[in-house]
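Protein chains: 2
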Amino acid sequence: MTHFSKQDIINLPSLERMHLVNSCGGLKSGNLIGSISKSGVTNLGVFNSVIHLGSNPPMLSFMLRPTTVERHTYDNFKENKHFTVNHIHESFVDKAHQTSAKYDEDVSEFKEVGLTEEFIKGFEAPFVKESRIKIGCKYINSYFIEENGCRLIIGEIQHILVEDGIQDKDGFLDLTKANSAGIIGLDGYVKTELIERYTYARPNQEPKLLKG
Amino acid sequence: MTHFSKQDIINLPSLERMHLVNSCGGLKSGNLIGSISKSGVTNLGVFNSVIHLGSNPPMLSFMLRPTTVERHTYDNFKENKHFTVNHIHESFVDKAHQTSAKYDEDVSEFKEVGLTEEFIKGFEAPFVKESRIKIGCKYINSYFIEENGCRLIIGEIQHILVEDGIQDKDGFLDLTKANSAGIIGLDGYVKTELIERYTYARPNQEPKLLKG
Numbered sequence: 001m002t003h004f005s006k007q008d009i010i011n012l013p014s015l016e017r018m019h020l021v022n023s024c025g026g027l028k029s030g031n032l033i034g035s036i037s038k039s040g041v042t043n044l045g046v047f048n049s050v051i052h053l054g055s056n057p058p059m060l061s062f063m064l065r066p067t068t069v070e071r072h073t074y075d076n077f078k079e080n081k082h083f084t085v086n087h088i089h090e091s092f093v094d095k096a097h098q099t100s101a102k103y104d105e106d107v108s109e110f111k112e113v114g115l116t117e118e119f120i121k122g123f124e125a126p127f128v129k130e131s132r133i134k135i136g137c138k139y140i141n142s143y144f145i146e147e148n149g150c151r152l153i154i155g156e157i158q159h160i161l162v163e164d165g166i167q168d169k170d171g172f173l174d175l176t177k178a179n180s181a182g183i184i185g186l187d188g189y190v191k192t193e194l195i196e197r198y199t200y201a202r203p204n205q206e207p208k209l210l211k212g
Numbered sequence: 213m214t215h216f217s218k219q220d221i222i223n224l225p226s227l228e229r230m231h232l233v234n235s236c237g238g239l240k241s242g243n244l245i246g247s248i249s250k251s252g253v254t255n256l257g258v259f260n261s262v263i264h265l266g267s268n269p270p271m272l273s274f275m276l277r278p279t280t281v282e283r284h285t286y287d288n289f290k291e292n293k294h295f296t297v298n299h300i301h302e303s304f305v306d307k308a309h310q311t312s313a314k315y316d317e318d319v320s321e322f323k324e325v326g327l328t329e330e331f332i333k334g335f336e337a338p339f340v341k342e343s344r345i346k347i348g349c350k351y352i353n354s355y356f357i358e359e360n361g362c363r364l365i366i367g368e369i370q371h372i373l374v375e376d377g378i379q380d381k382d383g384f385l386d387l388t389k390a391n392s393a394g395i396i397g398l399d400g401y402v403k404t405e406l407i408e409r410y411t412y413a414r415p416n417q418e419p420k421l422l423k424g
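Protein sequences, first through last, are from chains A and B.
Counting in my numbering, the first sequence runs from 1 upward without gaps.
Counting in my numbering, the second sequence runs from 213 upward without gaps.
Quick caveat, the hints were computed from the structure, so don't treat them as lab data.
Worth double-checking, as some hints may not be accurate.
[Unchecked claim] Derived, one-sided and incomplete: chain A residues facing chain B with beta-carbon distance under 10 Å:
1) THR2
2) SER5
3) ILE10
4) SER39
5) VAL41
6) THR42
7) GLU130
8) GLU146
9) GLN158
10) LEU175
11) THR176
12) SER180
13) THR199
[Said to hold, decoys possible] With a straight-line cut-off of 25 Å between C-alpha atoms, the simulated BS3-like cross-links for lysine-lysine are:
14) LYS314/B with LYS381/B
15) LYS381/B with LYS111/A
16) LYS211/A with LYS381/B
Beta carbons: idealized from backbone N, C-alpha and C, even for Gly.
Produce the entire structure from the sequences given, and follow the hints as far as they go.
Have a look at this one:
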């Protein structure tokens, strides 16, 4: 067992510290966030911090770091209030990762990495055609994190698009059937396999498997 | 392709809506958060919203829902400022899920579900002995999310404990070697397999595999 104290972590070379701390919190979601600028340039960036916020109204959140790349996304949806969240699938993790390169503001990552824009009527942000699960969100608020200048972005879900064969009868999206990729740290992409689903837990009852 | 509009989602039966919205954002981390009350009762709860916040100082965050179960955890670390984040591993997803049952405040989930408390000197919160990756955090701030009464909790990392054979040379924790489980929605647990790691992405260069 290796024990890193806070001081040990701070003393690590910068890149080693980033790899360690970015990977220590556990698996992360792998999503591409799509947006479009006032002048019509589409933008696509990889994010690993999308989490569920609430079901009614349906909301999600993600953390925006204070970097140039992610600022293009932020500038866009501050302007027109719309962004999309598109699952990264096993078959295009390389393209998803490539969206993290620092492209100029007038360059569309869709074209650069080879993914396809898709629009739905009345919604001003591009979806990723290749994604099997995609969400259209309205930007509703952000919280500035004083500790390090990140912003927690709150989006209200306007649309969920799900390919056939992924959703269980009770509403659950089986992301292993969708081949949705997860992310470890800054640069590791994983595929997943379902272990089990369990029923609602109650005190003094053994955990029970949920039979689909 | 199934298309759910916001209104379709709101019109779903409550449980179906929860399953859909909780699973649509992608894979989630699987962690047990440990804490201890003023009167010495340990508490352990499953959380799927831990995300990386920053590396220097090392920080993480997670979302606390406005429910009774999670409030025990909150009350504890508001009091003594310490909590632990322990990876759920494939071998004990059933026990981890069982911590979500609504136990009384004077009951320790460690004992109830069959996991082992472990303390380190000078740190006032219990770790999970069975976890291969565990983090000791100091509570530093919380942000109240007006939209639905959740709280984003900010923790500064004081300790990272990692079992041998998990960390790559560059600092990265290979969570697939640790057998860390991920979570889908409210009740699905997954195991993972590494697809690839990629090098830092740059414009006009093909994505390159990182060779360990």
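Next on the checklist: Of all the hints numbered above, which does this structure not satisfy? Sort the numbers upward.
Outcome noted: 4, 5, 6, 7, 14, 15, 16
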